[in-house]
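Student: Top line first, the protein sequences correspond to chains L and R. Using the working numbering, you'd call the opening residue of the first sequence number 1 and step up by one each time. Using the working numbering, you'd call the opening residue of the second sequence number 1 and step up by one each time.
Treat the hints as calculated values from the structure; they're not laboratory data. Given the structure is predicted, the values throughout are model-derived calculations rather than measurements. Note that the Cβ used here is the ideal one computed from N, Cα and C, for glycine as well. Check before you lean on any hint, since a few could be wrong.
[Stated by the list, open to error] Reference excerpt, derived from the structure (chain R facing chain L, CB under 10 Å, subset only):
no., residue
1, V23
2, A37
3, G38
4, T55
5, A58
6, G143
7, L147
8, L157
9, G164
[As the list claims (entries may be wrong)] A short, non-exhaustive set of chain R residues, derived as facing chain L with CB atoms under 7 Å:
no., residue
10, A39
11, A60
12, S63
13, P67
14, S72
15, M93
16, A134
17, Q135
18, V145
19, A156
20, S160
21, L178
2 protein chains.
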Amino acid sequence: MSRKPSGVNAPAARLVPASPQGVLDHAGFADAMAALAGAVCVAAAGDGAERVGRTVTAVASLSPEPPTLLVSVTRDSALARAILSTGGFSLAMLAPGQEEIADLFAGKRGAAERFAEGRWRAWPSGRPLLLGAAQAVDCTLAGVVELPTHCLFVGALVGSLRGGDGALVWHRRAYKSL
Amino acid sequence: MSRKPSGVNAPAARLVPASPQGVLDHAGFADAMAALAGAVCVAAAGDGAERVGRTVTAVASLSPEPPTLLVSVTRDSALARAILSTGGFSLAMLAPGQEEIADLFAGKRGAAERFAEGRWRAWPSGRPLLLGAAQAVDCTLAGVVELPTHCLFVGALVGSLRGGDGALVWHRRAYKSL
Chain L
1 MSRKPSGVNA PAARLVPASP QGVLDHAGFA DAMAALAGAV CVAAAGDGAE
51 RVGRTVTAVA SLSPEPPTLL VSVTRDSALA RAILSTGGFS LAMLAPGQEE
101 IADLFAGKRG AAERFAEGRW RAWPSGRPLL LGAAQAVDCT LAGVVELPTH
151 CLFVGALVGS LRGGDGALVW HRRAYKSL
Chain R
1 MSRKPSGVNA PAARLVPASP QGVLDHAGFA DAMAALAGAV CVAAAGDGAE
51 RVGRTVTAVA SLSPEPPTLL VSVTRDSALA RAILSTGGFS LAMLAPGQEE
101 IADLFAGKRG AAERFAEGRW RAWPSGRPLL LGAAQAVDCT LAGVVELPTH
151 CLFVGALVGS LRGGDGALVW HRRAYKSL
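Chain L with its partners taken away, still in its complex shape (with noise of 0.2 Å):
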């Protein structure tokens, strides 16, 4: 697949260096971070033997005019590579029990161990698809803002599967279950 974005309208983005004097140094920002509860998913892009997937919180719904999401992945990964080389991204938003998926995709495993773990299938698109997920969405890439250390995807919702009620969250550096 090679599905690139390539029509282009290019919102207007800024970015001035934060001043040096006067931010949190890291640990008042993790520490501050630390309380901003954040729905446990993991971000997938790929297929087959390519499929790469990482643990990610910050991802947020951005608008339903066009259905669209927005996740941060950091810039220099394997996933972001291969959701700009595929033009799409699958997120499962996991539910209570599944929090040694998000050790794996956390990083506890090798890229090529994570997907032994859980039920995995594919969508339509062939990105990969969790069974058991409380919820799990496909997107086709709409845009991408690239930062200094992250590239934030728009994603547009193709497609969405409901597996649950619950969630998992994590939460002063723990999971905790909704």
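With chain L's structure known, arrange chain R on it following the hints.
Tutor: The following block gives chain R in isolation, referenced to the frame of chain L:
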């Protein structure tokens, strides 16, 4: 205050319209996004009689270097205009028991009456500070990405105040407490 970012280091940003065929309809999108648990926060800007604020859940940690977070705000809103004109925003991650504040800033009352509930003070910057929030942070505006319906505001953290261990979360169209 007038501290709009001036130095420009434009990140590459591309946006293509989602394919009209195949994307989820509004109901399907809303159902999928209802599954995405998110911290309930009040984003605010301005000071004194010029304060404005809005309940938001599309908030994500961005990068420790520089220490930044991202918040998505409806583009055509008083809050977006205030953030742009004042060059910053504050964010209160709400605690369990602050559902009424969340409702007020989600539109239950007009803009002028929202700050009547809760113990609002001011950061040294002048921006609104909600005492009793799980965590409150103060941000200077480090970047803006303008998408068709929303602005993504990148804030550099210049202040942080911890108020408690819990968190108020929005999930499946209801408040839940951690």
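Student: Hint by hint, say whether it matches the structure.
Tutor: Quick rundown of the hints versus the structure:
1. The beta carbon of V23/R is positioned within 10 Å of a beta carbon in chain L (closest approach about 5 Å), and the interface hint is therefore held.
2. Because the smallest distance between the Cβ of A37/R and any Cβ of chain L comes to about 4 Å, under 10 Å, the interface hint for this residue holds.
3. Checking G38/R against chain L by beta carbon gives a least distance of about 7 Å; that is within 10 Å, so the hint holds.
4. A hinted interface residue such as T55/R counts as satisfied when its beta carbon comes closer than 10 Å to some beta carbon of chain L; here the least separation is about 14 Å, so the hint is violated.
5. Taking 10 Å as the C-beta cut-off, the interface hint given for A58/R holds, the closest approach to chain L being about 4 Å.
6. Hint status for G143/R relative to chain L: holds, with the closest Cβ pair at about 4 Å, below 10 Å.
7. Satisfaction of the interface hint for L147/R is found here, the shortest Cβ-Cβ separation to chain L being roughly 5 Å, below the 10 Å cut-off.
8. Hint status for L157/R relative to chain L: holds, with the closest Cβ pair at about 5 Å, below 10 Å.
9. Among the interface hints, the one on G164/R holds; its C-beta lies about 9 Å from the nearest C-beta in chain L, closer than the 10 Å criterion.
10. The closest approach between the C-beta of A39/R and any C-beta of chain L is roughly 4 Å, which is under the 7 Å cut-off, so the hint is satisfied.
11. The closest approach between the C-beta of A60/R and any C-beta of chain L is roughly 4 Å, which is under the 7 Å cut-off, so the hint is satisfied.
12. Hint status for S63/R relative to chain L: holds, with the closest Cβ pair at about 4 Å, below 7 Å.
13. The beta carbon of P67/R comes within 4 Å of a beta carbon in chain L, closer than 7 Å, and the hint placing it at the interface holds.
14. Proximity of S72/R to chain L holds as hinted, the smallest CB-CB distance being about 6 Å (cut-off 7 Å).
15. Residue-level restraint check for M93/R holds (minimum Cβ-Cβ distance to chain L is 5 Å; threshold 7 Å).
16. The criterion of a C-beta within 7 Å of any C-beta in chain L is met by A134/R, whose closest approach is roughly 5 Å, and the hint holds.
17. For Q135/R, the suggested interface contact is upheld, since its CB lies about 4 Å from the closest CB of chain L, less than 7 Å.
18. At a threshold of 7 Å, the smallest CB-CB gap from V145/R to chain L is about 5 Å, leaving the interface hint in force.
19. Restraint check, A156/R versus chain L: the minimum CB separation of about 3 Å is within 7 Å; hint holds.
20. A distance limit of 7 Å between C-beta atoms decides the matter here; for S160/R the minimum to chain L is near 4 Å, and the interface restraint holds.
21. The criterion of a C-beta within 7 Å of any C-beta in chain L is met by L178/R, whose closest approach is roughly 5 Å, and the hint holds.
The structure fails hint 4 only (numbered hints given earlier).
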